[in-house]
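A.B. asks: Chain order of the listed sequences is Z and R. Residues -7 to 105 (this note's numbering) are what the first sequence spells out, left to right. Residues 464 to 579 (this note's numbering) are what the second sequence spells out, left to right.
Hints listed in this document are in silico derivations from the structure and should not be mistaken for laboratory results. Do not rely on the hints blindly, as some may be mistaken.
As the list claims (entries may be wrong) - In silico contact screen, one side only, chain R against chain Z (beta carbon under 10 Å); selected entries: (1) Y496; (2) D519; (3) S521; (4) E567.
What the hints assert, rightly or not - Here are the in silico distance ranges between beta carbons for each label pair: (5) Z:N14 - R:L502: 19 to 25 Å; (6) R:R544 - Z:Y31: 23 to 29 Å; (7) R:P471 - Z:E34: 16 to 22 Å; (8) Z:N51 - R:P471: 31 to 37 Å; (9) R:E483 - Z:G(-7): 28 to 34 Å; (10) R:R575 - Z:R59: 33 to 39 Å; (11) R:Q543 - Z:K104: 45 to 51 Å.
Please read these numbers as outputs of a predicted model, since none were measured by experiment. A virtual CB, placed ideally from N, CA and C, is assigned to each residue, including glycine.
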Amino acid sequence: GDSVTQMEGPVTLSEEAFLTINCTYTATGYPSLFWYVQYPGEGLQLLLKATKADDKGSNKGFEATYRKETTSFHLEKGSVQVSDSAVYFCALSLNTGGFKTIFGAGTRLFVKA
Amino acid sequence: GAGVSQSPSNKVTEKGKDVELRCDPISGHTALYWYRQRLGQGLEFLIYFQGNSAPDKSGLPSDRFSAERTGESVSTLTIQRTQQEDSAVYLCASSRWTGGSVNEQFFGPGTRLTVL
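Same shape as in the complex, but just chain R:
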């Protein structure tokens, strides 16, 4: 079956512009995560959605970052007034939700964002 897909795969933008990144999770996966991976570094948690519950936004680095998800489908991560420090690979992952169990996350290929 189809895996997690992300678009665009690459995005080059100018400082100060807004960007929107898209994630299509695996069908039936109710949990969705966004991460940021700067060059040579680990994954930095940004935000987590689970079904209709309020998202965990504790990892968003500033109010320039926001994310939305409608139901259990597509999610968009928006970065307003981009800065050079926002340059990174943005990864999306989804997983099944089975109550109290932690399930495997399936990752998309990422969007490489470059802010000039």
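So that you can see chain Z by itself, here it is in the shape it has in the complex:
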């Protein structure tokens, strides 16, 4: 079945370090891919998305590229800040007459000053 696998956390980095959170997916058809973020004490919110192969989503210094050949959508940021500490969720949506969305388990990121 359709699924999303992302790297386990927690990930702990120092400020200004490079961040990669891996995400791979299994899907029948051609999904749209998303990264959602949940900051402490807040609800989930969309960080970025890509709707077709080779698309790059970007927002707030984060980027992810839709790689169909490796079925991946890894999240990257060149220089993390303490304020980036949050839980990051990779997700896919399939147009099956509706848009059922499947989420990964989430990766918690801690950034130390």
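Once you have looked at the hints, place chain R on chain Z.
C.D. replies: Coordinates of chain R only, in the frame set by chain Z:
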């Protein structure tokens, strides 16, 4: 404008009781989703409503779970004869519908359900 709201924010119930959770989507959002998030885990899709189309119920874990939505407004998720394994945060999200495009989901704050 107002975001997605959910009530109650917390619910503690005894095993075997029924509970009803409510979601008010953003006005104009025709798509509505329910998810379950167990402690330390990802979001588990439960059900999806889009306008007047038949809902996608493929994620409901058992026949104790049901959900309703009237038109494009409020939705209620009902869990009958609750079990301890039902303890989780139940999240609701809504989004606009623009035909073949996938739009951003806006999430509510969730209802934390504890079954004793």
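A.B. asks: Hint by hint, say whether it matches the structure.
C.D. replies: Hints, one by one, checked against the model:
Interface hint status for R:Y496: upheld, as the beta-carbon distance to the closest one in chain Z is roughly 7 Å, under 10 Å. A least Cβ separation of about 5 Å between R:D519 and chain Z falls short of the 10 Å threshold, and the interface hint therefore holds. Interface restraint check: R:S521 against chain Z, minimum CB-CB distance 7 Å, threshold 10 Å, status holds. A distance limit of 10 Å between C-beta atoms decides the matter here; for R:E567 the minimum to chain Z is near 4 Å, and the interface restraint holds.
Roughly 23 Å separates the CB atoms of Z:N14 and R:L502, a value that falls within the hinted 19 to 25 Å. Restraint check, R:R544 to Z:Y31: a C-beta distance of roughly 36 Å breaks the suggested window 23 to 29 Å. Checked against the hint of 16 to 22 Å, the C-beta distance between R:P471 and Z:E34 comes to roughly 19 Å, which is consistent with it. Between Z:N51 and R:P471 the Cβ separation comes to about 33 Å, which falls inside the hinted range of 31 to 37 Å.
Evaluation of the 28 to 34 Å hint for R:E483 and Z:G(-7) yields a pass: the beta carbon distance comes to about 30 Å. At about 37 Å, the CB distance of R:R575 to Z:R59 agrees with the hint of 33 to 39 Å. At about 46 Å, the CB distance of R:Q543 to Z:K104 agrees with the hint of 45 to 51 Å.
Of the numbered hints listed earlier, the single one contradicted by the structure is hint 6.
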